[in-house]
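The whole structure should be built from the sequences, with the hints applied where relevant.
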Amino acid sequence: MISGSGCNNRASPIRLKDVTQVGVLYTEAEQAERFRLLAREQLPRLYGIARKLVGSDAEDAVQDCLLKAFRNLGQLNDESAAPAWLASILVNCCRDRGRTKGRRPEEVNFEDVEEFSLYRKIAYEDPFPYSDSLHLDFLEEFTAEDVRSVLMRLSELYRVPLVLVYMEGFLVREVAEILEAPTGTILARLHRGRKLFEKHMWSYATDHGLLKEAAR
Amino acid sequence: MISCSEAVRQLWEYLDGLVGDRELESIEAHLARCRRCCGELEFARELRGTLERASEVDVPDAVLRRLTQTLEDLEP
Chain A
1 MISGSGCNNR ASPIRLKDVT QVGVLYTEAE QAERFRLLAR EQLPRLYGIA RKLVGSDAED
61 AVQDCLLKAF RNLGQLNDES AAPAWLASIL VNCCRDRGRT KGRRPEEVNF EDVEEFSLYR
121 KIAYEDPFPY SDSLHLDFLE EFTAEDVRSV LMRLSELYRV PLVLVYMEGF LVREVAEILE
181 APTGTILARL HRGRKLFEKH MWSYATDHGL LKEAAR
Chain B
1 MISCSEAVRQ LWEYLDGLVG DRELESIEAH LARCRRCCGE LEFARELRGT LERASEVDVP
61 DAVLRRLTQT LEDLEP
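Here the protein sequences come in this chain order: A and B. Quick note: the first sequence uses UniProt numbering, first residue 1, plus one each step. Quick note: the second sequence uses UniProt numbering, first residue 1, plus one each step.
Hints in this document: simulated from the structure, not taken from any laboratory. Just so it is clear, CB atoms sit at the ideal spot from N, CA and C, and this is done for glycine as well. Wrong hints could be hidden among the right ones.
Stated by the list, open to error - Stretch-level coverage of chain A by chain B, calculated; a stretch enters the list once three of its residues show a Cβ under 8 Å from a Cβ in chain B:
no., region
1, 29 to 36
2, 59 to 72
3, 128 to 135
4, 181 to 194
Said to hold, decoys possible - Away from chain B, derived, C-beta distances all over 12 Å, residues of chain A:
no., residue
5, Asn77
6, Asp78
7, Arg95
8, Arg97
9, Gly98
10, Arg148
11, Asp207
12, His208
13, Gly209
What follows is the structure, encoded as structure tokens:
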């Protein structure tokens, strides 16, 4: 476990809590090496999260995250918390990138969204008339890349909780901590995000000819 | 008994185990009698699985190399 000086007090060696009892101290160089080891292990996961949150800006977002995490290494009190800590920094770097690009939350009529049911829409539109597993056939038209593209149609406000909970396995309360928002707010965003996701699944399928292809 | 729209509104929360005891009871009572909402529930489960399966992202080798280099270049 790491505790002690942050980036503003770089002259002092960093004390590791778990070895403090035997008096072991880490020099700055050793501390940097430990950070490299921790972060290197997490690179595929971090890139995966960023890819789903900011698409093609993922590499830049992970670079931002690594630099920010290294500067704030003193905030990490427990090495076992490093994966969650790095993910938390990354999510905020991704959100910063979204803001810099001026992406605004989409205008949504939530009354329409609330009433939308993809299940009913598929049943009503019946895109595969000869299918006896209509709904599953609809989902099978989507590759993983398609699903991630659908998510990119959602504003960051709804995309972030959906990705973290349903794709990365974070608990709602952990997402609330990362986003510094009340749990109730995250639950409401998840609810609306799921509805928007369903709606965008349908519009993506029609925009990209997935239903036409399947009907052939 | 709750209506279909009330039940459908809470299906994902139900799947996620995020509903309270009372809601749980009323959703399950509804599902026991409503075939269409059972279909909605099954579809919500599949849709959630679709999201989960789309979570795997391959990191291009060149990206991994550049990010690793960023780490190597960090100096105290």
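So, going through the hints one by one against the coordinates:
With 5 residues having a beta carbon nearer than 8 Å to a beta carbon of chain B, the region 29 to 36 of chain A meets the requirement of three or more and the stated coverage holds. Coverage of the region 59 to 72 of chain A by chain B holds in this model, with 6 residues showing a Cβ closer than 8 Å to a Cβ of that chain against a need of three. Counting residues of the region 128 to 135 of chain A whose CB falls under 8 Å from any CB of chain B gives 1; the rule of at least 3 is not met. Here the region 181 to 194 of chain A counts 4 residues with a CB under 8 Å from a CB of chain B, which clears the bar of 3, and the coverage holds.
Non-interface call for A/Asn77 relative to chain B: holds, since the shortest CB-CB distance, roughly 19 Å, exceeds 12 Å. Distance to chain B confirms A/Asp78 as a non-interface residue, since its nearest Cβ pair spans about 21 Å, more than 12 Å. Separation of A/Arg95 from chain B is adequate, the least Cβ-Cβ distance of about 19 Å exceeding the 12 Å criterion. In this structure A/Arg97 is separated from chain B by more than 12 Å, as the shortest Cβ-Cβ distance comes to about 16 Å.
At roughly 18 Å, the least C-beta separation between A/Gly98 and chain B is larger than 12 Å, which holds for a residue marked as non-interface. The non-interface label for A/Arg148 is inconsistent with chain B: the shortest C-beta to C-beta separation is roughly 6 Å, within 12 Å. With a least beta-carbon separation of about 18 Å from chain B, A/Asp207 lies farther than 12 Å from that chain, consistent with its non-interface assignment. In this structure A/His208 is separated from chain B by more than 12 Å, as the shortest Cβ-Cβ distance comes to about 15 Å.
The beta carbon of A/Gly209 is kept farther than 12 Å from every beta carbon of chain B, the shortest such distance being approximately 19 Å.
The earlier numbered hints that this structure contradicts are 3 and 10.
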